[in-house]
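Go by the hints and put chain B onto chain A.
Number of protein chains: 2
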Amino acid sequence: MIKKLQQLMKEKNIHYYIIPTDDDHQSENVGEYFQARKYFSGFTGSAGTLLVTLNNAFLWTDGRYFIQAAKELSDDIKLMKMNTEGYPSLLEFLSQNIKEDETLAFDGKVMNASFVYQLESLVSYPLHIECIDLITPLWKDRPAMSCEKAFLYDKKYHGMETKDKLSQIREYMNEEKCDAHLIASLDDIAWIFNIRGYDIKCTPVVLAYALIHQDSAYLYMQDNAYDETITSELKKQGVTVKGYYDVYKDVKALNGQVLVDLSNVNYELASSLNCDVVDENNPSQYLKCIKNEVEVKNTIQAHIKDGVAVTKFMYWLKNNVGKIEMNEINTAEYLTSLRAKQDLFIEPSFSTISAYGKNAALMHYHATKEHASPLENKGFLLVDSGGQYYDGTTDITRTFVLGEISDIQKKHFTLVLKGMLNLQRIKFLHGQTGIDLDVLSRAPMWNEGIDYQCGTGHGVGHLLCVHEGPNEFRPKSRTGCPVALQVGMITTDEPGIYLEGQYGIRLENELLCQKDIKNEYGQYMSFKCLTMVPLDLDGIDETMLSYDEKLALNDYHKTVYQTISPYLTKKEKAWLQKYTREI
Amino acid sequence: MIKKLQQLMKEKNIHYYIIPTDDDHQSENVGEYFQARKYFSGFTGSAGTLLVTLNNAFLWTDGRYFIQAAKELSDDIKLMKMNTEGYPSLLEFLSQNIKEDETLAFDGKVMNASFVYQLESLVSYPLHIECIDLITPLWKDRPAMSCEKAFLYDKKYHGMETKDKLSQIREYMNEEKCDAHLIASLDDIAWIFNIRGYDIKCTPVVLAYALIHQDSAYLYMQDNAYDETITSELKKQGVTVKGYYDVYKDVKALNGQVLVDLSNVNYELASSLNCDVVDENNPSQYLKCIKNEVEVKNTIQAHIKDGVAVTKFMYWLKNNVGKIEMNEINTAEYLTSLRAKQDLFIEPSFSTISAYGKNAALMHYHATKEHASPLENKGFLLVDSGGQYYDGTTDITRTFVLGEISDIQKKHFTLVLKGMLNLQRIKFLHGQTGIDLDVLSRAPMWNEGIDYQCGTGHGVGHLLCVHEGPNEFRPKSRTGCPVALQVGMITTDEPGIYLEGQYGIRLENELLCQKDIKNEYGQYMSFKCLTMVPLDLDGIDETMLSYDEKLALNDYHKTVYQTISPYLTKKEKAWLQKYTREI
Numbered sequence: 001m002i003k004k005l006q007q008l009m010k011e012k013n014i015h016y017y018i019i020p021t022d023d024d025h026q027s028e029n030v031g032e033y034f035q036a037r038k039y040f041s042g043f044t045g046s047a048g049t050l051l052v053t054l055n056n057a058f059l060w061t062d063g064r065y066f067i068q069a070a071k072e073l074s075d076d077i078k079l080m081k082m083n084t085e086g087y088p089s090l091l092e093f094l095s096q097n098i099k100e101d102e103t104l105a106f107d108g109k110v111m112n113a114s115f116v117y118q119l120e121s122l123v124s125y126p127l128h129i130e131c132i133d134l135i136t137p138l139w140k141d142r143p144a145m146s147c148e149k150a151f152l153y154d155k156k157y158h159g160m161e162t163k164d165k166l167s168q169i170r171e172y173m174n175e176e177k178c179d180a181h182l183i184a185s186l187d188d189i190a191w192i193f194n195i196r197g198y199d200i201k202c203t204p205v206v207l208a209y210a211l212i213h214q215d216s217a218y219l220y221m222q223d224n225a226y227d228e229t230i231t232s233e234l235k236k237q238g239v240t241v242k243g244y245y246d247v248y249k250d251v252k253a254l255n256g257q258v259l260v261d262l263s264n265v266n267y268e269l270a271s272s273l274n275c276d277v278v279d280e281n282n283p284s285q286y287l288k289c290i291k292n293e294v295e296v297k298n299t300i301q302a303h304i305k306d307g308v309a310v311t312k313f314m315y316w317l318k319n320n321v322g323k324i325e326m327n328e329i330n331t332a333e334y335l336t337s338l339r340a341k342q343d344l345f346i347e348p349s350f351s352t353i354s355a356y357g358k359n360a361a362l363m364h365y366h367a368t369k370e371h372a373s374p375l376e377n378k379g380f381l382l383v384d385s386g387g388q389y390y391d392g393t394t395d396i397t398r399t400f401v402l403g404e405i406s407d408i409q410k411k412h413f414t415l416v417l418k419g420m421l422n423l424q425r426i427k428f429l430h431g432q433t434g435i436d437l438d439v440l441s442r443a444p445m446w447n448e449g450i451d452y453q454c455g456t457g458h459g460v461g462h463l464l465c466v467h468e469g470p471n472e473f474r475p476k477s478r479t480g481c482p483v484a485l486q487v488g489m490i491t492t493d494e495p496g497i498y499l500e501g502q503y504g505i506r507l508e509n510e511l512l513c514q515k516d517i518k519n520e521y522g523q524y525m526s527f528k529c530l531t532m533v534p535l536d537l538d539g540i541d542e543t544m545l546s547y548d549e550k551l552a553l554n555d556y557h558k559t560v561y562q563t564i565s566p567y568l569t570k571k572e573k574a575w576l577q578k579y580t581r582e583i
Numbered sequence: 001m002i003k004k005l006q007q008l009m010k011e012k013n014i015h016y017y018i019i020p021t022d023d024d025h026q027s028e029n030v031g032e033y034f035q036a037r038k039y040f041s042g043f044t045g046s047a048g049t050l051l052v053t054l055n056n057a058f059l060w061t062d063g064r065y066f067i068q069a070a071k072e073l074s075d076d077i078k079l080m081k082m083n084t085e086g087y088p089s090l091l092e093f094l095s096q097n098i099k100e101d102e103t104l105a106f107d108g109k110v111m112n113a114s115f116v117y118q119l120e121s122l123v124s125y126p127l128h129i130e131c132i133d134l135i136t137p138l139w140k141d142r143p144a145m146s147c148e149k150a151f152l153y154d155k156k157y158h159g160m161e162t163k164d165k166l167s168q169i170r171e172y173m174n175e176e177k178c179d180a181h182l183i184a185s186l187d188d189i190a191w192i193f194n195i196r197g198y199d200i201k202c203t204p205v206v207l208a209y210a211l212i213h214q215d216s217a218y219l220y221m222q223d224n225a226y227d228e229t230i231t232s233e234l235k236k237q238g239v240t241v242k243g244y245y246d247v248y249k250d251v252k253a254l255n256g257q258v259l260v261d262l263s264n265v266n267y268e269l270a271s272s273l274n275c276d277v278v279d280e281n282n283p284s285q286y287l288k289c290i291k292n293e294v295e296v297k298n299t300i301q302a303h304i305k306d307g308v309a310v311t312k313f314m315y316w317l318k319n320n321v322g323k324i325e326m327n328e329i330n331t332a333e334y335l336t337s338l339r340a341k342q343d344l345f346i347e348p349s350f351s352t353i354s355a356y357g358k359n360a361a362l363m364h365y366h367a368t369k370e371h372a373s374p375l376e377n378k379g380f381l382l383v384d385s386g387g388q389y390y391d392g393t394t395d396i397t398r399t400f401v402l403g404e405i406s407d408i409q410k411k412h413f414t415l416v417l418k419g420m421l422n423l424q425r426i427k428f429l430h431g432q433t434g435i436d437l438d439v440l441s442r443a444p445m446w447n448e449g450i451d452y453q454c455g456t457g458h459g460v461g462h463l464l465c466v467h468e469g470p471n472e473f474r475p476k477s478r479t480g481c482p483v484a485l486q487v488g489m490i491t492t493d494e495p496g497i498y499l500e501g502q503y504g505i506r507l508e509n510e511l512l513c514q515k516d517i518k519n520e521y522g523q524y525m526s527f528k529c530l531t532m533v534p535l536d537l538d539g540i541d542e543t544m545l546s547y548d549e550k551l552a553l554n555d556y557h558k559t560v561y562q563t564i565s566p567y568l569t570k571k572e573k574a575w576l577q578k579y580t581r582e583i
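Chains as they are written, first to last, in my numbering: chain A, 1 to 583; chain B, 1 to 583.
Listed below are the simulated DSS-like cross-link pairs for lysine-lysine, each with C-alpha atoms no more than 30 Å apart in a straight line: (1) A:K411 with B:K550; (2) A:K4 with A:K109; (3) A:K78 with A:K358; (4) A:K427 with B:K528; (5) B:K515 with A:K81; (6) B:K518 with A:K411.
For the record, the hints were derived by calculation from the structure and aren't laboratory data.
None of these values were measured; they are calculated from a predicted model.
Just chain A, same shape as in the assembly (with noise of 0.2 Å):
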């Protein structure tokens, strides 16, 4: 396939040829349409940039996918590894190889707008720069860009109209000056918008793009994906639907301020504006991570019934482990059968990962039917899942006993549960910030000696992406300017341990900030625990735990069983009393 691009690349003059895996509004999974560099590397990963020479390929990826690129990369694919001493990152690769005389092309649809102006800035010469597609006419049977049936979300759901939720961007868009705002991510645009639709697998998005005016708001959509019904509502917002493509054309005209998120819309859109951009993040980022009390009653509904699906994935699998023959995949495709039982269930939110013993250890390891590993009963299994449901939106990590495990993984797994448990336990004055608690969490890691090299958590989203900000755990901000937790933020609080070739760990619930007590010292805020499952008691070394830990713990599991015991049956009732005893 390489060398047939190259082919095609010296016909056109085009010396660099970049493939990225990104849809047209850089989302962060793409449909099967935007799977080029997949199609082009042989590598399967979830996120990666190929970029083609006349004579080379390389492909970037990050660590987690360090270990499966060099497996998949056919061989004349060189593998860069991102963040590594020794390989230089794809801008500094560019900008110190490109010679004045080349020419740099991609599909600017899929091309991050901030990426190349990034790259221009550190070149000291006009880049030539060439948007031309030489995907198309090398991908035979190319599968066809989704377009789904878009639907209108019901307010009983999300709580708040898009006339409200417009004026609050329009507000911002004054106090910035800007006379137009441009949206390309499909999560900002499904939020306002109270539409969804399945053009994405696990998130319920729609191919679009917005516009939005002060006294105008256009929504650009695909020809089939919408009907009169959805024209009708949006207009009644004061929304006016347009062509897909027809943004292209309408953003060239637009002048004053243009309020842009350039790292989140693609290069050949925002090459077409002619007018001063203020980049920004979204407003709606901060808008929508904030969930309203509709949203949130709805979330915590949500939660019981994944909370119910897990549980009797628990029960089914630690009575049966050793018993029934079981395997990665096939136990993964079970706890998705319970969930499909539970009302109002749409998909997984994302793929799960089902990962037994050492596997577990690569942090986002994919099972696959041909390479599914069985499952025995001893050790752990590690199950990282959620749902997509009318109500809302779950991320729930499991680790599960399947039988006998050694005092050093029962340590282990105390530590990480430790560590979730200090989190979701705080009690903090507002105006802290994701990464002001992050320490809590890792703290138990990092005293002996281990740390997860990851974030401790992500905000998710509302029958939305399930990765979504700007809140977040971590202990540095990407951006540089972390956001105060506020009611209504949800997040996740999974920290783990994972050690390679041994074992995995990790324990995951999600929590909902709201206001705690006001006193004078101020206002202070603390976490409801959205996630309804047990923590394995198997797994826990009760001599390790302090008593707030325990007094955490029992509260969480009584809590558990009054909210869960209702949706089981007497045999998983019965069972989960003993797994929520308390310690």
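Chain B alone, transformed into the frame defined by chain A:
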């Protein structure tokens, strides 16, 4: 006094006159000569700014001093509470009130340059500013400015010659493309030039300025402060000594770019510059906070001696309270007398805080001979004190249980202990700042809805200021760019609980940052506790401590006993054994 000043202002056609609490070097503590704000306002606190208008007078001070200032201020001065709703800041007040034709005046040598520049940027018209000393004409018997003999600080204590320190500073100047570097802050000067003196009580610095060029360096000192020994040693280091006030003339001749920390230089000096200013922190701030091996070795020794003095004090206090007459002042004096018996002791490192019962709820309470509470054999005595030794500076707080205390007092004492130990015993990956770790010591209090409303700890100088930056533990960075904790940084760890009208508890250890293990996760860091005095076991509710906390406490007490007991009498030793027993 205010009336006389207003009369003089009228004569000179001055509408606003500011009297800050600063010396010519913006020091935290100032000599008697510079206590004009105290003289004119009656308020004796360590921080505050007096503003006199033709008809009114206002004093700004911070939360530590609201109660005291209200008591002490003369009737014609209005108290302006800093960071309190309803009170503008001094900057706001001035920028909102000064009219275009009015004149603002102050003694330019004691006025912070940054403050004046900020004020100028807030006002839309050019300000009429006059540097004039109205203090001296009105202050009868104003004490003379201190001019104590400086001394060369021996290399066996500081470990690094001036010429090497100058090299490091010049490297930094090169990076910043600066031709010269002007320094007015006394601790930076004392550190760079390895001189010390007695011009400020408790802070062994010398009144001086410095000017560093790439190929020369000048130290400006009062004529009677130095002698031939000093000039000849400094000459060897490439430094020329000049007269104290010559700096004002010399800076006028500077050209090119000059590195000056405008927040640490007075307005008269800053406004004498006729060249480009690079306004950044003095590089010596970042250099001196990392103690070298010689300084660390010496500081450990100083802490052992200090620990012996405070442990002997604790023995005496706990064995004699209720039997002999004690009050806040005479106990503090007794403690100083015990320190004075230690080798290489010079003076206290700050005025001892000895606060009994409800007095300790005021974080910076200072008893006076006239108002010293007598001690009874019940409740808490909080003693925050430290020493300047030739081999280092110490700062320690212990809260002692003098007899009966309530369960809730015991609980609060234990919470403070847990907070202190949580920070002291953390192992963390290199790169973390004191902001990232602050929550560790605060969490036990926060979880009970209590906060101590100040930082958790500050850097400590080496035979220098007891408060030094930039390392610190606090929930929010003051500068916006906190520094990573590095090997050799010494920071206090001093959480507390302060209940107005009831009692105050603070425990303070000094922590030396050091390397811990290095493994696949990176370089771990941890703290070595330098402070060597028992934590009063009579205040501890053992049931509240986790296994790890008990372990940390027992380990600490074991080290205290091993380190301190050789220097005690037989009786003291037996007592110490009991008070460092394993729990």
